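With these hints in hand, go ahead and build the complete structure from the sequences.
Going by my numbering, 361 is the number at position 361 of the sequence shown; the sequence numbering is gapless.
In short, the hints are calculated from the structure, not lab data.
A portion of the hints provided could be inaccurate.
[What the hints assert, rightly or not] Label-pair restraints from in silico Cβ distances:
| # | residue 1 | residue 2 | range |
| --- | --- | --- | --- |
| 1 | E201 | Q114 | 36 to 42 Å |
| 2 | R24 | S321 | 39 to 45 Å |
| 3 | R74 | E12 | 24 to 30 Å |
[What the hints assert, rightly or not] Computed list of lysine to aspartate or glutamate pairs in EDC-like fashion (alpha-carbon distance at most 16 Å, straight line):
| # | residue 1 | residue 2 |
| --- | --- | --- |
| 4 | K44 | D88 |
| 5 | K384 | E226 |
| 6 | K33 | D15 |
| 7 | K132 | D50 |
| 8 | K383 | E408 |
Predicted model only: the values in this text are computed from it and were never measured.
By construction, the Cβ of each residue, glycine as well, lies at the ideal position given by its N, Cα and C atoms.
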Amino acid sequence: MLRVHRREALKEMLDKLKKLIIYRGVANQPLVKHATGILYELLKENPSIDVIYSLYGNFYSEIMEYAIQNRVSRNIWSKILTEYIAYDENVFSLASEIYGISAIGDPLARAVSQEINVLRSLSRIDIVRIAKELADIDLPAHEGCFEELPKQRSSVNKMLALAKLWDLEDEGKIVEYLSDYYRLNGCGIFGKYTAFRWIAEGVRGHLEGISNVDPVTFDDLIGYEEERKIIIDNTKAFLKGLPASNVLLYGERGTGKSSTVKALLNEFSSQGLRMVEVSLNDVMYLSDIINYVKNRGLKFILFFDDLSFDETEMRYKEFKSILEGGIEILPPNVIIYATSNRRHIVKELTSDNELNNRDTKEEKLSLADRFGITVTFTTPDQKKYLDIVRGLAQRYCIDMDWNILREEALRWAMWHNGRSPRSARQFIDYMRYKLAQ
1 MLRVHRREAL KEMLDKLKKL IIYRGVANQP LVKHATGILY ELLKENPSID
51 VIYSLYGNFY SEIMEYAIQN RVSRNIWSKI LTEYIAYDEN VFSLASEIYG
101 ISAIGDPLAR AVSQEINVLR SLSRIDIVRI AKELADIDLP AHEGCFEELP
151 KQRSSVNKML ALAKLWDLED EGKIVEYLSD YYRLNGCGIF GKYTAFRWIA
201 EGVRGHLEGI SNVDPVTFDD LIGYEEERKI IIDNTKAFLK GLPASNVLLY
251 GERGTGKSST VKALLNEFSS QGLRMVEVSL NDVMYLSDII NYVKNRGLKF
301 ILFFDDLSFD ETEMRYKEFK SILEGGIEIL PPNVIIYATS NRRHIVKELT
351 SDNELNNRDT KEEKLSLADR FGITVTFTTP DQKKYLDIVR GLAQRYCIDM
401 DWNILREEAL RWAMWHNGRS PRSARQFIDY MRYKLAQ
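In structure tokens:
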């Protein structure tokens with residue numbers, strides 16, 4: 001009797017799964033296809049053991065790979081389905097990201113709730129147990145294969161906020177819970193990743209998520225507090241929808257300009273901030289990049305690292321037109337942050353025809369003026385450099401007489417890359433290695 005009930009319940013669930021409309025993308029995931037393929041085979045009068053083992057082999061290898069890469073040791077199948085839901089881009093998730101729960105009408109809300117209930121049933125399926133009950137087939141378990149795996153920071157959003165999704169039964173709470181998640185975290189590729197790069201494809205291209213984002217935080221950065229406060233405050237205003245400016249971070253190499261921008265992402269990604277890394281070669285695609293993100297419910301920093309143009313280049317005109325706000329302006333959810341070790345961004349070259357080129361040069365040199373805020377990161381003097389060294393030494397618990405460490409740090413700066421935050425960190429990394437020997 002139990003076996004008959006199990007068969008009927010499985011048939012009903014699989015039938016509903018085929019009818020998913022909103023979360024059709026979840027049902028079409030390869031791993032879900034493997035799982036349902038096994039269940040369909042088990043429901044046959046004479047299931048093929050070879051087919052079941054073949055399908056389960058694919059299922060097992062993929063689910064184990066996920067567990068290892070994401071360091072998940074328990075409830076792997078359930079967490080995978082939760083992740084599929086978190087990252088699925090559909091009419092509900094996209095509307096929620098852009099407008100929030102207030103935009104979701106009753107028909108859509110009911111449909112979402114019903115489909116989540118179907119996926120909940122799928123999340124509770126134990127293929128190993130079902131194979132044993134229905135066909136007396138012993139499949140290797142995919143649960144309990146690992147002890148607690150060590151956690152690791154990742155740039156990929158791990159939808160911890162959806163951890164309670166399967167516990168919700170009330171239709172209204174399910175929809176509100178999911179909608180609030182998408183509103184804060186986004187959906188699709190923008191829900192899965194926080195940082196992106198542009199991949200050119202001829203005259204077009206697309207954004208690609210970056211899995212391993214530099215994990216630097218403001219706690220890792222010592223010194224330049226006043227300079228960073230200007231940038232942080234501007235970013236906070238941007239996230240709140242208040243007036244905010246494009247920012248140029250100017251200074252010598254190694255002063256922490258790029259790290260400051262990257263730390264913004266790690267600080268504010270949970271508040272809807274995303275970052276697109278744009279290279280000089282991608283300047284011609286600026287309009288395409290902006291079109292890609294302008295209608296989303298998240299905020300985007302277009303990040304140009306080490307921005308500079310040679311005097312003979314013309315790409316700066318495309319860049320300048322966006323900054324100036326000509327016919328095409330930046331949408332309210334997009335802002336530009338750039339770093340440069342050139343105050344005027346455009347490299348000046350000498351010319352025999354100085355008078356004739358004056359207007360062109362003035363135009364190019366005015367490019368930096370199009371940034372609303374310019375923050376200068378000066379090379380630290382000896383005291384500031386040593387303050388950074390001392391702060392890093394304390395952070396990494398380097399137990400060494402300060403006078404000795406001080407002399408070593410000054411010697412390092414003299415023989416390596418001079419005084420800079422980067423040089424200070426390289427010195428401390430060297431000392432950590434040396435003291436560990």
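Q.
Check whether the Cα positions of K383 and E408 lie no farther apart than 16 Å.
A. holds (14 Å)
Q. That 36 to 42 Å hint for E201 and Q114 (C-beta), does it hold up?
A. Because 39 Å falls inside the window, the suggested range holds.
Q: Could you grab the alpha-carbon distance between K33 and D15 and see if it respects the 16 Å cut-off?
A: Since the Cα atoms of K33 and D15 sit roughly 14 Å apart, the hinted pair holds (cutoff 16 Å).
Q: Look at the Cβ atoms of R74 and E12 and judge whether their distance stays inside 24 to 30 Å.
A: Taking Cβ atoms as reference, R74 and E12 lie about 28 Å apart, which means the hint holds.
Q.
Between the alpha carbons of K384 and E226, is the straight-line distance 16 Å or under?
A. holds (13 Å)
Q. Is K44 close enough to D88, meaning Cα to Cα at most 16 Å?
A. Violated. K44 to D88 sits at ~31 Å, over the 16 Å cutoff.
Q | Proposed proximity, D50 with K132 (alpha carbon, max 16 Å) | A | Holds. K132 to D50 sits at ~15 Å (cutoff 16 Å).
Q. Regarding R24 and S321, is the given constraint of 39 to 45 Å on their beta-carbon distance met?
A. holds (41 Å)
Hint violations for this structure: number 4 only, all remaining hints satisfied.
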